[in-house]
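Student: Next come the chains, spelled out residue by residue.
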Amino acid sequence: MYWEQSLETMERRELERHQLRLANASLSAARRSPHYAQVLAGFPERGLVSLAGLDELPFTGKAELRAGFPYGFLAVGLEEVVRLHSSSGTTGNPTVVYHTRGDIAEWENLIARCMYSTGVRKKDVFQNMMGYGLFTGGLGFHYGAERLGVLTIPIGPGNSRRQIWFLQHLGTTVIHILPSYALHLAGYFPELGIDPRRDLKLRIAFIGAEPHSEAVRRKIEEIYGIKVYNSYGLSEMCGPGVAFECLLQNGLHLWEDHFYPEIIDPVSGKVLPEGEEGELVLTTLKREAMPLIRYRTGDLTRLLPGPCPCGRTHRRIERIKGRSDDMLIINGVNLFPIQIEKTLMAIPAIGRNYLIEIHKDAYMDRLEVKVEINEEVFRGTLAELEKLQARVVAELRAELGVTPVVRLVEPSSLPVSEGKAKRVYDLRGGGA
Amino acid sequence: MSVQLAVFLENRPGKLEAITKALAEAGVNIRGISMASEGEFGVLKILADDPEKAFRVLKEHHYTVSRRTVEIALIDDRPGGLHDLLAALSARDINIEDCYGIALEEGRRAAIVLDVEAFPEAEAVLKQRGVRLLGDRELGTI
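Protein chains in written order, with the numbering used here: chain A, 1 to 432; chain B, 1001 to 1142.
It is worth saying that the hints were derived from the structure and are not from the lab.
The beta carbon of each residue, even a glycine, is placed where N, CA and C say it ideally should be.
Just to be clear, a hint being listed does not mean it is correct.
[What the hints assert, rightly or not] Covered stretches of chain B (in silico footprint by chain A; criterion: 3 or more residues with CB under 8 Å from a CB of chain A, positions within the stretch not fixed):
id	region
1	1008-1021
2	1038-1046
[As the list claims (entries may be wrong)] So these bits of chain A aren't anywhere near chain B, every CB distance computed over 12 Å:
id	residue
3	Pro-44
4	Gly-53
5	Ile-155
6	Lys-201
7	Ile-204
8	Ala-215
9	Asp-325
10	Gly-351
11	Glu-375
12	Glu-376
13	Leu-385
14	Gln-389
15	Gly-401
16	Val-405
17	Arg-407
[What the hints assert, rightly or not] A few chain A residues that face chain B, going by a derived Cβ cut-off under 7 Å, partial list only:
id	residue
18	Ala-29
19	Arg-161
20	Ile-164
21	Trp-165
22	Leu-382
23	Glu-384
24	Glu-386
25	Pro-411
Please put together the full structure from these sequences, using the hints given.
Tutor: Pasting the structure below:
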């Protein structure tokens, strides 16, 4: 059940002492990078006496990482570095993250720990449908699965018919996939005459890299007849493997022997009491090439109170609610795209894909939601479509407090990228 | 009774043409067609000589399509022919969801396609009155 029992179930007080030791070592290591040598110069070098003392240190954000491009955050010599990953930023310098051989080994081990905790074993067949390359999703899981000893198929994303052919003919039991792609892929089964519940040996899927609702997870579980586990990570920490769901699927254990979490108010920057929702801030405890102190992830969540019945003592974060920077303001009302997804997924006559557009008409914002209809339940009358459209408007209005324009569109007419799905298009211009 | 295909369509240029192209390329003959539209979207109804094949072709092209059972009744070629037929249905309180006419035998004869919820009752009423109902096979040959 545990990959590393003594670490995963370490008694809380001991775990905190362990974290303090590691945090001080990480601070010393960070000072060897040009960025932190400067930023931490005014802070005494003797180290923290308690983890709470971290809150006196400055945050690190994406802007600092960009400004430090290319080598400003590197805390070791280039001869120690063996790999670089980069996150999917689209503006300005990319954010690059470096790994030593030791970092890669720790990361592999964390992924193995995650996979093992959900019941993946050596005899499984693992099809990795995440992108390989600069993105951490593919390579991170690839080496983690190999570390665990699982047959790993490095197929990457896309080419849906081939994916299904592999699933079927190799008897794949475990997949790693973007939630949006899992739903997209499901659209191919009917024409191939395959019932995934009956014809595949699949039993576990890991999903991550995109915020998604609980309803989407349940939908994937139902379509494929499998258990789906939430995976959380970001390239700045290593990639996937930062936090992971155990068999109970109730929050994600954040591996506290590698990362120290704080939840802050995204506006004031103040640390919030445990259990309150805010922005997740992480300090790396074991990273060698690029230690990060109080890194603002931009992800909104909270630390769940109380221990988990699985026996792991590492605290759990709730599924990511959204990003502090993806909040939409529509005519003064704050809302998150995930609220729209949650509402749509609860309506059976709505299909798998949707798109959110925000337009500006004169001075008013217009929220437009394009949804596919579910062909399974389409009976062929105009009246049912009109009723469905009205229902979607009413339910979104109730959830959001904003009245959207809802457009019914044909299936497969919405663009589905086989990478991260872009579902929100703000067309207001002018940074409104 | 016959099978009519109902296809969900966005109301935009080229949408209808894409469907007729798909069916033409598959060698499906369209015997009747009608469109109910709400403005932004609509439902296209198609009577095909081979409804199963047409259904398969449209599915392969990723259309949202459903099969609905309809009655196709031959109309007596005289004044009041259509009226008598509809009066018989309304006398039994049978509501017609949708209907449209189609021409047969190069326009010499006509039939009406009736989409009703109370399907078995409607069929019974029409048969009782001696109305000739066309099946899928006859539609393909007339």
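Student: A separate judgement is required for each hint: does it hold in the structure or not?
Tutor: Here is what the structure says about each hint:
no.	hint	result
1	1008-1021	holds (count 3)
2	1038-1046	holds (count 6)
3	Pro-44	holds (65 Å)
4	Gly-53	holds (59 Å)
5	Ile-155	holds (24 Å)
6	Lys-201	holds (27 Å)
7	Ile-204	holds (29 Å)
8	Ala-215	holds (21 Å)
9	Asp-325	holds (32 Å)
10	Gly-351	violated (8 Å)
11	Glu-375	violated (4 Å)
12	Glu-376	violated (9 Å)
13	Leu-385	violated (6 Å)
14	Gln-389	violated (8 Å)
15	Gly-401	holds (24 Å)
16	Val-405	violated (10 Å)
17	Arg-407	violated (6 Å)
18	Ala-29	violated (54 Å)
19	Arg-161	violated (13 Å)
20	Ile-164	violated (16 Å)
21	Trp-165	violated (18 Å)
22	Leu-382	holds (4 Å)
23	Glu-384	violated (9 Å)
24	Glu-386	holds (6 Å)
25	Pro-411	holds (6 Å)
Hints 10, 11, 12, 13, 14, 16, 17, 18, 19, 20, 21, 23, counting from the list given before, are not met by this structure.
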